[in-house]
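*Asks:* Below are the chains, spelled out letter by letter.
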Amino acid sequence: MADIAVKVHDLGKRYEIGTRRNGGATMLREALSDTLKAPLTKLASLARRLRSHGPVPTAVSSVSPRHIWALRNVSFEVPRGEIIGIIGPNGAGKSTLLKILSRITEPSEGRVEIRGRVGSLLEIGTGFHPELTGRENAYLSGALLGMRKAEIDRKLDEIIAFAEIEKFADTPVKHYSSGMYVRLAFAVAAHLEPEILIVDEVLAVGDVAFQRKCLNKMEDVRQHGRTILFVSHNMQAITRLCTRAILISHGGIQHDGSAAETAGKYLMANVKTSAERVWSEPLSAPGDRVARLRKVRVRDESGCTVDAIDIRRTVGIEMVFEVLEDGHALIPALELYNEAGTCVFLTSDLDPVSRGKSRQRATVTTVAWIPGNLLSEGLFLVTVFLSTIRPLKSHFHQRDAVAFHVVDSFAPDSARGDWDGPIPGVVRPLLRWTNQATEAPGP
Amino acid sequence: MANDVTEGVAIVGGIPPAPTQPLVTTVIEPSRGWVPLKVSELWEYREVLYFLIWRDIKVRYRQTLLGAAWAIVQPFMTMIVFTVFFGRLAKMPSDGAPYALFALAALVPWTFFANGLTQSANSLVHSGHLITKVYFPRILVPMGRVLSGLPDLGLSFLVLLGMVRWYGLLEIRGRLLWLPALAFLVFITAFGVGLWLSALNVRYRDIQHAVPFLAQIWLFATPIAYPSSLLPEPWRTIYSLNPLVGVVEGFRWALLGSGHAPGLSLAFSTLAAVLLLVTGAYVFRRIERTFADVV
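So the protein lines, in turn, are chains Y and L.
Following numbering that gives the first Met the number 0, the numbering of the first sequence begins with 0 at its first residue and continues without gaps.
Following numbering that gives the first Met the number 0, the numbering of the second sequence begins with 0 at its first residue and continues without gaps.
Because the hints were derived from the structure by calculation, they are not lab data.
Please read all numbers here as calculations on a predicted model, not as lab measurements.
Accuracy of the hints is not assured; some may be wrong.
According to the in silico footprint, chain Y covers these stretches of chain L (three or more CB under 8 Å from chain Y) [to be verified]:
#1 46–54
#2 83–92
#3 175–181
#4 283–294
Every residue, glycine too, gets a C-beta built ideally from N, C-alpha and C.
Looking at chain L on its own, in the form it has when it is part of the complex:
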């Protein structure tokens, strides 16, 4: 939407501005073509984002028996299944690390990504009641959905740390500092894909049927059950255009010391993630103007 705040006056919370104070002027006009992102507006609505995330977290485990334990159950159970089937039965190589750790180190960021992807893809459609009744930058909806997975990521990461320690492999080393950066990379990827899918889903409900399938394909296109070292070299670099490849390899390297230090493949992954985010944001903004009419 082309709403230009021409006089950028910050309104101090709650205090009704005196009549002498300059008022914010909003211009509403039809927009055409590609519209700018308007990051400053996102900053202005940061509290709405906060409450959207807060709502998602509050509601997620209400009226459940296990509560927040669900954050751990999902990656942990998958790890057990993978360990039994791929580790023991299929004797999948794990770059020298114990297979259970090898799988969990990948499953922790993967679960955050997969949940963020599916949640954000349906976020706009599920928020139809908000979109048709109140204005706020719609981009906050998928963003909030992805970010609300952070506490779950934190919890499952603690379990992962505990496991690494239990195996006696925990070392305090500089490379652990890579982890927040890698987590940010997963966020960017999930958010970028979420922008694409959520915007398209408003128009084409085909997306919601395709998302579980997409998540499944993506799981196999990411070295979670197997090491990426299985791939021969020219393919391996191309393969790391899947941003999750860089993330998963980085997690294993930083925590377990297995595999290679992030190099070209991480650069490729980052590039792909940023590309997804930027294109996603522009597509989202372009379709955004019709959301309320179509959703």
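Same shape as in the complex, but just chain Y:
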């Protein structure tokens, strides 16, 4: 495992219901009575076994409703220098995974090997004490996050400058505004130099400008060859920072792949519609006696079905339908809707091979190609239909047949150029701009 920074093998974490979190502290009385009852319970089960002459299921505890698995059978590897995103719905087990990797809680099964010093940022302002000053908290928090005192001594001025709290460095943080507090907390964290950084949703706080500063800092860290595990609900941040992402839900890995792909899977999981829809039963398929829809899917240029596509890349909407009757000039068409329900455009088949010509009985595959650098980022829903124009007659009309995500990977050759803030608009075309300078007006 020369280049592997983190190796997770078959990891599992089991919680006992009723002893988790706030319900946690049990009563001493219960523990004492359980201890006293234990031999009796054992005797009872022994008696049951003797009576039934059968083996008592030994795995009782693992199926018992008193346990829940927050995480199970999780395996993955993170090569050194990679930023890996971890995404998933709330309660999926992401935080449990980070807590195990940070050694805060112990796994119930499996094994993790970590090569290198780990720094984990599971909250903003770890160890901050309200009565201590900004400077003092920088020391305390820095030490808890794994910095040496000498290291903090060296970086203190830089930390305070990064947080923009020079004037208040000797004021107790309880008098800080929440913005100052967060800035200081992040400044400390940003100056950690572990080989492996574990970050949980820290970017959810702070204003837009500060979030951008944080993202830039993380990019810096990546460029220094460090490994980052990054949990977030912010798909923009994931696709921008990470090369790869893991989707966790119900305590297991649902998908492990490129960040854009995984983000797409996650976003699609919240949408009923998927990237491909097949009607295998001819009778239930949309259509009439002339034609019948069999399949719709979202594909890339190489022919793979995709949930998500890079904003710069061409995406195809493929429709497969059966022509059941000869002699109709069938025109497939589709409408694209964005998340807000706005119709972005309607397009119909203009291929000279088929346009206006009557079709013979066959299975037809038709693809509408949407060029890259046209759509804005986000979710798009596709409605497909097939009609004859003169006279106008609809053969099928399938609302929200498929859906896909356009993902912005913050590449400079997209329409965003080197701007890294939000961009409004239903479309984001890459336009040609020209400039012409004339003589400056006289004084």
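Assemble the complex: chain Y is given as a structure, and chain L must be docked to it using the hints.
*Replies:* Below, chain L without anything else, positioned relative to chain Y:
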């Protein structure tokens, strides 16, 4: 937790290690049964301990009028109360020493012990925000709480020395050298009990209700208001299984010259203290793995 540093490479503070440098490998696995103490890891995290103590000391008397004077007020006021009620009214014997000194010589180590006990018993529960968010050996939390009482102990000890001198009893003699050893014995005892209580408190909050009561009982089970010479012999030795008995008697003997030189009773006390510490440490390590899930 079973985290084995298989390649024990010390990381020099701050300098990002070059890629060629061997990296520390950490293995995270479920642990079973009794787990070792891993003293080397504690040494590695010594700076965290330092900052935990430093925080406790910094925060303790912030926004108070009297500040560090509180370190003195507590034993001194108790001494006055004891002197009035036990010394004057109850005419309690004091092994020949002035009763006020007799009481204060016991109250100085006792106050360190009692504060260490109550502080460390609640330490883990009060540090829940740390335990669930960052890793460091959890044993440093109760240890830091007990150690952060040292400046208070030092201050009140100076007052005690001043009092002894004021009574004209201060003699520079070899037996004063026993005092650091005795202070260490109080620390071991407070830390040992603190380990037991803090770990159990994470699970059973009953502990936090029992602690003030325990401290009170312990106060009376220790010869603070009265001399241990009141007890007849076979009982007296058994009685010194309470480590504070050896400490308090030792303090009086070293400072005031009263009572007996530390002998069998101090040996008993030390034995009991070490036993408390070792069992406490193992119980703590055993329960430690569930802290973050339960606290």
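*Asks:* Please go over all the hints and tell whether each is borne out by the structure.
*Replies:* Here is what the structure says about each hint:
Under the rule that three or more residues need a Cβ within less than 8 Å of chain Y, the assignment of the region 46–54 of chain L holds, with 6 such residues. With 0 residues bearing a CB less than 8 Å from a CB of chain Y, the region 83–92 of chain L misses the requirement of three and the coverage assertion fails. Counting residues of the region 175–181 of chain L whose beta-carbon sits less than 8 Å from any beta-carbon of chain Y gives 0, not enough to reach three: the coverage restraint is violated. Residues of the region 283–294 of chain L with a Cβ under 8 Å from some Cβ of chain Y number 6, which satisfies the need for three, so the listed coverage holds.
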